[in-house]
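Q: Please construct the entire structure, taking both the sequences and the accompanying hints into account.
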Amino acid sequence: MNISIVLILLLAGAAFTFFAGNKFASKIALLVSVASFVFTLYALNLYLNGADLSCKSIWIQNPKIYFSLAVDGLSLAMLLLTTGLLPLIILSGWVTKFENEKAIYSLVLFMAFAMAGTFLAADGLLYYVFWELALIPIYFIALLWGNGSLEERKNAILKFFIYTFGGSLFMLVAFVYLYQKAGSLEIESLYALALTETEKTWLFLAFFLAYAIKIPLIPFHTWQANTYSKAPAIGTMLLSGIMLKMGLYSVLRWQLPITDTAAKEFMPYILGVSIAGVIYGAVLTLRQKNLKKLLAYSSLSHVGLIAAGLYSLTIEGFQGAVLQMLSHGLVIVGLFFVSEIIFNRWNTYTISEMGGIRSQATKFASFFMILVLASVAMPTTFNFVGEFTILYSLYNVNIGFAIVAGTTIILGAFYMLRMYQQTMLGETNTKVFADVTIVEGLVLLVIVVLVFFFGLYPKPIIELITPSLQNILNQIN
Amino acid sequence: MQSILEQVGIGNYIILSALLFCIGAFGILYRRNAIIMFMSIEIMLNAVNLLLVAFSTYHQDASGQVFVFFTMAVAAAEVAVGLAILVSIYRNIGNIDIDNLKNLKG
Amino acid sequence: MNTTSLIVLLFAPLIGFLINVFFGRKMSKNLSGVVGTASVLLSFVITLLLFFSVKQPITLHLSEWFSIGKLAVNFDFVFDQLSILWLLFVTGIGTLIHIYSISYMHDDENMYKFFAYLNLFIFFMITLVAGSNLLIMFIGWEGVGLCSYLLIGFWYKNQDYNDAAKKAFIMNRIGDLGFLIGIFILGFATNTLEFSGIQQAIDVDGVVSTSGWYSIAAFCLFVGACGKSAQLPLYTWLPDAMAGPTPVSALIHAATMVTAGIFMITRMNFLFDIAPIVQNIIAVVGVTTALVAASIGLVQNDIKKVLAYSTVSQLGLMFLALGLGAYQVAVFHVITHAFFKACLFLGSGSVIHALHGEQDMRKMGGLRGSMKITYITFLIATLAIAGLPPFAGFWSKDEILLTAFHENKVLWVLATIASIMTAFYMFRLLYLTFFNEFRGTEEQKKHLHESPSLITFPLIVLAVLSALGGLISLPFGNSWLNHYLMPIFAHKEHAEHHLGATEYGLMAFAVLGALIGIGIAYNLYMKKKEVPTSDEVQGLHKVLSNKYYIDEIYMAIIVTPIYGLASFSKNFIEKYISKSVFGLGNVVSVLSIQGKKVQNGNVGFYLFAFVFSISAFLIYLFLIR
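Residue numbers (this note's numbering), protein chains in the order written: chain A, 1 to 477; chain B, 1001 to 1106; chain C, 2001 to 2625.
This list has only true hints and no planted wrong ones.
Taking lysine to any residue pairs in the SDA-like style, the calculated list, with each CA pair at most 25 Å apart, reads: (1) A:K154 <-> C:Y2576; (2) C:K2597 <-> B:I1096; (3) C:K2157 <-> A:S359.
For the record, the hints were derived by calculation from the structure and aren't laboratory data.
A: Next comes the structure, spelled out in structure tokens:
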């Protein structure tokens, strides 16, 4: 077996879902996503037993481009995140009634296909194609099934599309240049390439623009909050849970190893920008009236911390960043699902219209509380391991960075608890709020269990990712 | 016996056709009447034809003259189409002053 | 002791929590109370067995947690004298308060949740105390903070209570950041987070090479302790935390959780010993807190607020002892304080229960007659906290004063003033609550009653302990406590103060001070029968009533600027960035609008452009190039 089976499964699943018709689309999509997850687990098992799962064949003769997928611990971890979150995301869609279900579910699967491809691709052009391919489905998902008026939606989504697409073009330029130099875009040959420091600086900046927009780092984040609030929950989950991690993953896989000296040179500045983003995102949440926007800015804050971990160029930073990518993916999907559950009941995202839910929906309140606690990195949750590791790596760089970035645990607690208080607590609301249904409960339960499980036993993941991270670090040094 | 070309000299032919071409070009830029502009275009075309014939003789190569026949044939067709367009413009707006043709803008 | 019983000791409260969370709603109220109590009692019994059997520290390795870089963190626990001592009174007082709560919370519809949270709290407290490395301690540290949050905001329908809960959590988090940074420094410097490992590393290289970083680490840990143990400048959450049910105030905000900071510093004593500057800071912060909180306590009218400020003040005294390096004295005061303060809180709870939720002392009075047991136990605890012999508080407080006297006279004077104030406001509370006429409504008066035995039983036990607790460390040589804790402080020379004339003089002076405080209170509230009024207080009194305006100051210099920054970011920076992104798009559209003008439909112009460009091109090709 090689890993392309997972990709083929997702792609075929997307087509099959579309042709299965509206009636069965959601069920088939779930089935496909579960199957892809099972296959990923099987691949993981094979990988741990030392099997080679990579796949390589010539794609374009001239220029020489390979259809090349490589598997290591890091990409497997990201693949697990993708295919693991996918069933949850699809199941969460069951709660909402979509028009033209076959289209949306097939787009979701197609997007998962593109994102999984991004995490696996080992040839620059292939990677770039997957990277851009992932934009197309989310554009349609957000445009056709989003919230708010069509005009607003169009504006927000178009801005997002052009913004990220424009950033990526710089990456394409970088790849074209690299091809000129190396005569191939295979990741191995790019790693082996000897470049001058000036070249690396320019390449670094070109990559940085693409990734800074995608991650997003300040000041490239302005697409985020609007897109998140306009996209339907299912799209927001895909965006925040998985797509953001594409940028972070790419930093690790492509940017840092190829442009190592520039990365070292720029490290303090980019750490500064990332950490400024941590504070800035956290501060902005305090003035948000819309629950989804609040979560979007909290995500900005968390992602800034992850980026800081990556750009710290230490093994601890890498480990922490990857752990935090996984845990943030889980928790943010849960939180957006929570906001969707409230929206389904009360048809609003406005925080001031909420409140007094806890007394009506105990289970829901408990799930929400646990997610909030995970988001503020309570020890024993998965997020704590990641956040602790990242902050520790920042301390290794400079104590000042650790202290400033560490304020996230204060500000995070501030805005998350404030949000929880405003949405859930207080006198029983006059509007009726039904407690979670079985499907909703199942999604939240899985997330909560995973958050605690990996919070107490993160060892398998750390062991999975550490060797490949060590390779990347060696490549940088 | 000297041929005409040798008597006159290739340089004069070039100057003549350049002059003709400039007259045509100037006419196009200066005049506003579509018919006259059309004629200016024909002058330019014929300047080129003259040059082609002259060089064809100069180089003892008949292919230049073949080209001239081609050009003349195409020019004749062009005049037929062009004049038809002018007539229809005249029918529409009552004159053929090109300053009145701003509707061509998209 | 075998491993199984240790695991039971650790996890019994967690099991209790899980049972109550998942099945609590279906169980009867009494059953959930019994489950909660039994699980803690089980831990207590095992701790007792441990206490009598363990001579050497035993460690318990559960599993690995994670390892990053060179740092490996495991779920390891250590049961040595210090942790067993702490476990003993945590689970012991915990059991009593669980028993108390069965009756106290009986009317609450969410009683099972209450017991669930209490059990969870005990679980995290055990984790905190028994953890054998800093990060396990940190789990407990954050966990008790969480439980404190949940329990302060237990009546979540009241947003003021939720605010108090949130405030407690966030202020604790400020301290936690300090704690984390301390962990980073120690982890980086020593490559381990185990207490024993750090101690070894410090013994090897501490004083010589990197003592600067160790001092910073000690300071950071102290910041953490400040948050959890409510010291200046992070103490303001504790008085607000009285929004929670009274048993919570007794258990978490008086007896156990707030002493976590003292526990941590005692646990890390080897680190603080090599950082004398930090020790000085601790002593100064401690005595200042004691003084400030006691002075605010003088004028409070809410019975629980008085006790809360008194807790802050007493914690300050403990920190003074820590700062002076007298760890065993601080531990001694922690224990006696746990006894009498729990007793006081539970007594006040009993009063509040009898008055159906009234907390204002101005509307109490004369309860001596109708609530005999509550009154007597309360009296004993008050005598203990005021520092009258032979009650427990006298011995422990006197040791602190004695140490301060030997180390630094200024600290001694300040601590003595704080003690006199304590005696005053505690007797003020006693007189206002239990003496003179009842000042509440007739309706309340009819229903005045002694609380049921589930409430009075814990009171009696705690009162006995408040009376006799001093026996564990009498100053006449051969203190049992000092001897018991010897292994923890093994590395330093042990100094028990030799009792000379000075010491006896100081004791007498301390008693005299307490009597002065009591005398003033007696004069004001018994002889003149004054009842404090809320309106029109002037001068210093007004400043004290408003708690030195510290909350307002924090609001003005921290919270408001953050909100201001948020507004500024949202309304200005965010817009500006957004505009500049759109600006790029606008550049394109402006260019295209300008470019569109070229295509004006004028045939003449097109021809001109055509001819001109061709000519220019030809000129360039043939003439210029």
